[in-house]
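Asks: Here is what each chain is made of, one letter per residue.
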Amino acid sequence: MEDQDKLEILKKLLLTEEKEFADSIAEKVEELSKIVHQKQELSHKVDPIIDDKLEQFVEEIPKTLGPTITEALKEEIKNSQDAVVEALFPIIGKMIKKYIAHEMRLLSENINRKTKAAFSFKNWFRKTRAKAQGITEGDLILSDYAKPRLMQMFVIEKNSGILLADYSPLSDGTIDKEMVAGMLTAIKSFVEDAFEGGDQDLELIEYELYTIHIQNFYSYYVAAVISGAYSMMFKEVLEDQILDFAQHNISNKELKNSALFTQKLKKHFADDIV
Amino acid sequence: MTLSKKVVILGHFGVGKTSLFRRIIDNEFSEEYKVTLGVQIKKKMITLPDGRELSMILWDTEGHSNTVEDTRKSYLLGSHAFIYVFDLTREDTYKNLNQDLEYLTKNYKNVTAKAIGNKLDLVNEKEIKAQLKEQNIPFDCLTSAKMNKNVQDFFSDLASELAK
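From first to last, the protein sequence lines are chains H and X.
Quick note: the first sequence, position 239, residue 219 per my numbering, numbers continuous.
Position in the second sequence counted from 1, then plus 338, gives you my numbering.
Looking at chain H on its own, in the form it has when it is part of the complex (with noise of 0.2 Å):
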């Protein structure tokens, strides 16, 4: 044997495990190469299957998600509605602001366009009227509209607060006017009893475009709620109104019988109030 093959022999011997240990990472090596050259070739294969998935599930995200969202959303608002409408309110009144200021010049623009373009003994009237004040035909007809009017009258029982009877020149509401009458002898007696004015009564109560006229009788009251501007002048000539009707049509027998009560009030009322 020569010293060649005894050097191999004795290598073999001594290097064994080593060269297992070298071969096997070798191995590994390999695996892995193979493993990122496949994941390569299939991402070419999966990548546009993702993205398809990815953009259908953007476009269901409203069907999917957005009732949950909804739901929160609304539970969340309702659990604070305090301070959803403390923000939402100035930013609301604004817009309303904007709007009816574009309307109502809008508004007087046609107002005014329609009255130059027609002719008649009534706008020759208002014309006139209107040079006279020194005021556009616009705004003259804008005060016409403005006038009050009397959009409900109830006669209340002044104690009890029992509705004897209503009239509205306008279609019935979905207000129970039982309550309402309830309601508002409520009020009356509690203004009358906190600033103990002795016999004094509550006249009047503002609320934004409407007046409530309140007139008081020995057992009963009359409230009359008008929109529009509530002059002086009108309201003499509701208060006249009234007189002449409790004078006329108010008596025991009409107090008792709520029917025949709506009935003459209705009739006495049904023609507005100059």
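No false leads were mixed into what you were given.
Below, simulated SDA-like cross-link-like pairs (lysine to any residue); rule was C-alpha separation at most 25 Å, straight line:
no.	chain 1	residue 1	chain 2	residue 2
1	X	LYS382	X	PHE492
2	H	LYS215	H	LYS246
3	X	LYS372	X	LYS484
4	X	LYS380	H	LEU235
5	H	LYS236	H	ALA226
6	H	LYS244	X	SER393
7	H	LYS247	H	SER231
8	H	LYS236	X	LYS380
9	H	LYS233	X	ASN448
10	H	LYS247	X	LEU341
11	X	LYS452	H	MET159
12	H	LYS215	H	LYS247
13	X	LYS471	X	ASP459
14	X	LYS411	X	LYS452
15	X	LYS382	H	ALA166
16	H	LYS138	X	ASN448
17	H	LYS215	H	PRO149
18	X	LYS380	H	LEU182
19	X	LYS487	X	ALA501
20	X	LYS381	H	ASN139
21	H	LYS157	X	LEU341
22	X	LYS372	H	ALA166
23	H	LYS157	H	THR242
24	H	LYS138	X	VAL449
25	X	LYS380	H	TYR190
26	H	LYS138	X	THR450
27	H	LYS157	H	PHE170
What the hints contain is simulated information worked out from the structure, not anything from laboratory work.
Bear in mind the structure is a predicted one, so any value in this text is a computation, not a measurement.
Using the hints provided, position chain X relative to the given structure of chain H.
Replies: Showing chain X alone in chain H's frame:
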């Protein structure tokens, strides 16, 4: 023609006046206690045994802390009935009941006055009846607004009485 009657609910703070009011009007109950400020008014339509309709205008007043004389007089004027509510679990809400009822009947003649012991679900009915009898406390009905016990019957009976 519908009959209308004003019925005022009275009593100390926290005896369950508003709970009875809500039970009879909306058939609801809430454990949440909110003090009534001033008065709240609602209407209950009750069909009488003879088929007529009675419109009961209920005034739920804020509770008083001492006697019924503390209740705002103007709320009581023109009433057709008073419902004095007391709490069966709080003796201080009914210890002056006799004097309070006497005050009402003396100052508001011809007005029906009823006394109701509420919160029946929190006490033993037999025991409380015996206790009230022993203390000479008059009552027309014992109710539980929470469990809706005797509430509807009480208001139906009252409506019939008012319609006479």
